[in-house]
Amino acid sequence: MTALPASMPAVASAALPRPPGVISSTLTVARRELRDALRSRWFLLYTIAFAALGLGVSFVSAAGTGGTGLSGFGRTTAGLINLILLVVPLMALSAGAASIASDRERGMLAYVLAQPVRTWEILLGKFVGLGASLLASITLGLGACALVLAWKGLRTQPASMLWLAGLALVLALGMLSVGLLISSLARRASVAVGTAIFVWLTLVFVSDLALMAGAVALRLRIEQLFALSLFNPMQVFKMWSLHAADASLDVLGPAALYAVEEHGSRLHALFGACLAAWVLLPLGLAGLCLSRRSPL
Amino acid sequence: MIAITHVTRRFGRHVAVRDVSLSIAPGESVALWGPNGAGKTTLIRCVLGLIRCSGRIEVAGRSVRRRGKAARRLIGYVPQELGFYDELGVSEAIRYFARLKGLRAVRPAQVLESVGLAGHGAKRVRELSGGMKQRLALAIALLGDPPVLVLDEVTASLDAVGRGEFVRLLEGLSGAGRTLLFASHRIEEVSTLARRVAVLEKGRLSRVQTCADFADSLGRSTMLHLVMPVAVRARAVESLRAVGFPAQLNGVGIVVPVSQDRKAAPFRILADARVPIDDFEIVPVGKAEPGAAHHQGEAR
Numbered sequence: 001m002t003a004l005p006a007s008m009p010a011v012a013s014a015a016l017p018r019p020p021g022v023i024s025s026t027l028t029v030a031r032r033e034l035r036d037a038l039r040s041r042w043f044l045l046y047t048i049a050f051a052a053l054g055l056g057v058s059f060v061s062a063a064g065t066g067g068t069g070l071s072g073f074g075r076t077t078a079g080l081i082n083l084i085l086l087v088v089p090l091m092a093l094s095a096g097a098a099s100i101a102s103d104r105e106r107g108m109l110a111y112v113l114a115q116p117v118r119t120w121e122i123l124l125g126k127f128v129g130l131g132a133s134l135l136a137s138i139t140l141g142l143g144a145c146a147l148v149l150a151w152k153g154l155r156t157q158p159a160s161m162l163w164l165a166g167l168a169l170v171l172a173l174g175m176l177s178v179g180l181l182i183s184s185l186a187r188r189a190s191v192a193v194g195t196a197i198f199v200w201l202t203l204v205f206v207s208d209l210a211l212m213a214g215a216v217a218l219r220l221r222i223e224q225l226f227a228l229s230l231f232n233p234m235q236v237f238k239m240w241s242l243h244a245a246d247a248s249l250d251v252l253g254p255a256a257l258y259a260v261e262e263h264g265s266r267l268h269a270l271f272g273a274c275l276a277a278w279v280l281l282p283l284g285l286a287g288l289c290l291s292r293r294s295p296l
Numbered sequence: 297m298i299a300i301t302h303v304t305r306r307f308g309r310h311v312a313v314r315d316v317s318l319s320i321a322p323g324e325s326v327a328l329w330g331p332n333g334a335g336k337t338t339l340i341r342c343v344l345g346l347i348r349c350s351g352r353i354e355v356a357g358r359s360v361r362r363r364g365k366a367a368r369r370l371i372g373y374v375p376q377e378l379g380f381y382d383e384l385g386v387s388e389a390i391r392y393f394a395r396l397k398g399l400r401a402v403r404p405a406q407v408l409e410s411v412g413l414a415g416h417g418a419k420r421v422r423e424l425s426g427g428m429k430q431r432l433a434l435a436i437a438l439l440g441d442p443p444v445l446v447l448d449e450v451t452a453s454l455d456a457v458g459r460g461e462f463v464r465l466l467e468g469l470s471g472a473g474r475t476l477l478f479a480s481h482r483i484e485e486v487s488t489l490a491r492r493v494a495v496l497e498k499g500r501l502s503r504v505q506t507c508a509d510f511a512d513s514l515g516r517s518t519m520l521h522l523v524m525p526v527a528v529r530a531r532a533v534e535s536l537r538a539v540g541f542p543a544q545l546n547g548v549g550i551v552v553p554v555s556q557d558r559k560a561a562p563f564r565i566l567a568d569a570r571v572p573i574d575d576f577e578i579v580p581v582g583k584a585e586p587g588a589a590h591h592q593g594e595a596r
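Line by line, the protein sequences are chains S and X. Last residue of the first sequence: 296 in my numbering, with the numbers rising by one and none dropped. Last residue of the second sequence: 596 in my numbering, with the numbers rising by one and none dropped.
Some but not every residue of chain S turned toward chain X, in silico, with C-beta under 10 Å: (1) Ser25; (2) Met108; (3) Tyr111; (4) Leu113.
Rather than coming from a laboratory, the hints here were simulated on the basis of the structure. By construction, the Cβ of each residue, glycine as well, lies at the ideal position given by its N, Cα and C atoms.
Work out the full structure: start from the sequences and follow the hints.
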């Protein structure tokens with residue numbers, strides 16, 4: 001049965017309130033995400049762990065380098081790169097993964113989406129807010145290391161440290177996008193965070209081993225090996241940060257040497273494009289998933 | 297103000313809402329009535345654009361699907377139970393949702409006072425009781441004075457006293473030209489707030505009636521409001537329910553929906569149960585608007 005009575009009285013459009021703009025909505029969500037992240041115990045724990053381990057790496061390497069510092073590919077850079085590879089992706093993946101799924105779990109996602117705000121604005125707001133919190137964490141961690149190195153009288157190049165921080169941020173944003181994608185697919189926060197940790201383990205440990213095993217078992221050519229390594233954002237970050245520090249990539253093996261010989265000055269653009277894809281593609285997919293799935 | 301045209305929503309093979317069409321005029325108050333699983337909440341979620349559905353829904357001419365943000369700017373929504381960010385402060389929550397609605401000059405203290413939460417602004421949301429959280433949700437829904445209020449069984453999680461207070465709060469809001477669409481399966485709420493009742497059965501809109509006709513059809517065209525001491529209220533409800541009267545507690549006593557020809561029966565039952573009645577009021581369902589005749593008296 002239908003019940004469509006009468007005519008509906010016209011409502012004057014001018015008298016009705018207008019919704020806020022895209023930037024305003026996005027920034028509103030971003031500010032809240034940033035505030036929540038800075039208050040979160042997990043964020044503080046990660047930041048303190050990152051800074052403490054960074055300081056440890058700086059002290060140890062400073063004791064052994066005899067003044068090499070960050071002027072070239074020193075122990076400090078190598079140590080910090082490995083530290084970033086371990087801590088920053090884990091921090092970004094878990095922050096992104098917990099974000100949307102926990103909102104969905106407690107009914108907050110549906111409640112917020114019942115307000116005059118679009119799915120994309122919420123996703124972008126979360127990305128910007130959590131990205132800003134990761135920037136704060138990386139800045140604190142690497143800033144503390146830079147201070148220690150300066151205090152120990154090591155010859156450091158601020159540009160190298162800034163490059164490293166910048167690359168760490170791009171890696172963090174890529175992993176944050178992956179985390180948000182996981183979160184937009186998961187119904188429960190615990191499942192999302194568990195999946196994020198599995199992805200982190202895969203990217204940090206398993207993919208390296210799989211690549212090595214694959215290279216031997218399938219007799220992969222060197223260009224194939226390099227192409228495959230570009231699918232792992234950790235590998236891209238590692239190669240790019242060493243390349244940016246003017247270090248020889250031979251420490252990473254023949255595939256990296258091939259990359260230098262084959263692509264030369266285009267490597268920055270290639271690595272940049274790879275990490276940009278890791279930021280944009282998962283974020284785009286997360287947006288699609290969120291807009292197609294029920295927020296309940 | 298709200299036009300719902302041939303709306304259908306399926307969950308796999310299950311059809312939660314089937315070909316529902318309903319039009320609500322500006323300033324009108326319509327209740328969605330039906331048992332659990334009838335499709336009330338699903339229809340409300342479709343109106344808010346939270347779930348996709350076939351058919352067309354417009355709020356003041358704005359399509360919920362194509363211009364969802366503009367349509368939702370006109371709606372204040374109160375869910376059944378609010379899952380707020382627990383760590384958020386109450387005033388902070390008001391400011392956050394005000395910004396989401398594009399409002400800048402909002403005074404949280406003033407907003408909270410309007411829903412009886414004055415002095416609670418400094419608390420965390422998790423420190424509020426269920427009833428207070430619903431009041432906070434109502435305060436947020438009213439931010440920017442939206443022309444439409446959508447409520448989804450807002451009193452379901454409240455106790456009897458909280459329910460009575462919340463309905464009285466809503467009663468004050470249902471006038472003033474605001475359109476109200478709400479889901480409920482409590483006759484006392486429907487009779488207090490609605491002008492029309494849309495009855496949903498297994499996802500279908502079976503009928504749309506005036507509130508008085510609806511109450512007649514249920515055989516409960518009259519509400520008895522019985523005032524009595526706190527100590528005997530639970531016993532009174534128990535005694536009446538035992539013989540089939542769906543009595544409910546409210547703020548000052550109990551409310552009993554009855555048919556026109558059985559108004560005296562509850563008094564006899566309560567006298568037999570030795571329940572003292574301090575005062576009573578007989579309110580015809582659907583005629584609770586200003587000017588309606590109320591019969592009052594005292595019973596000893």
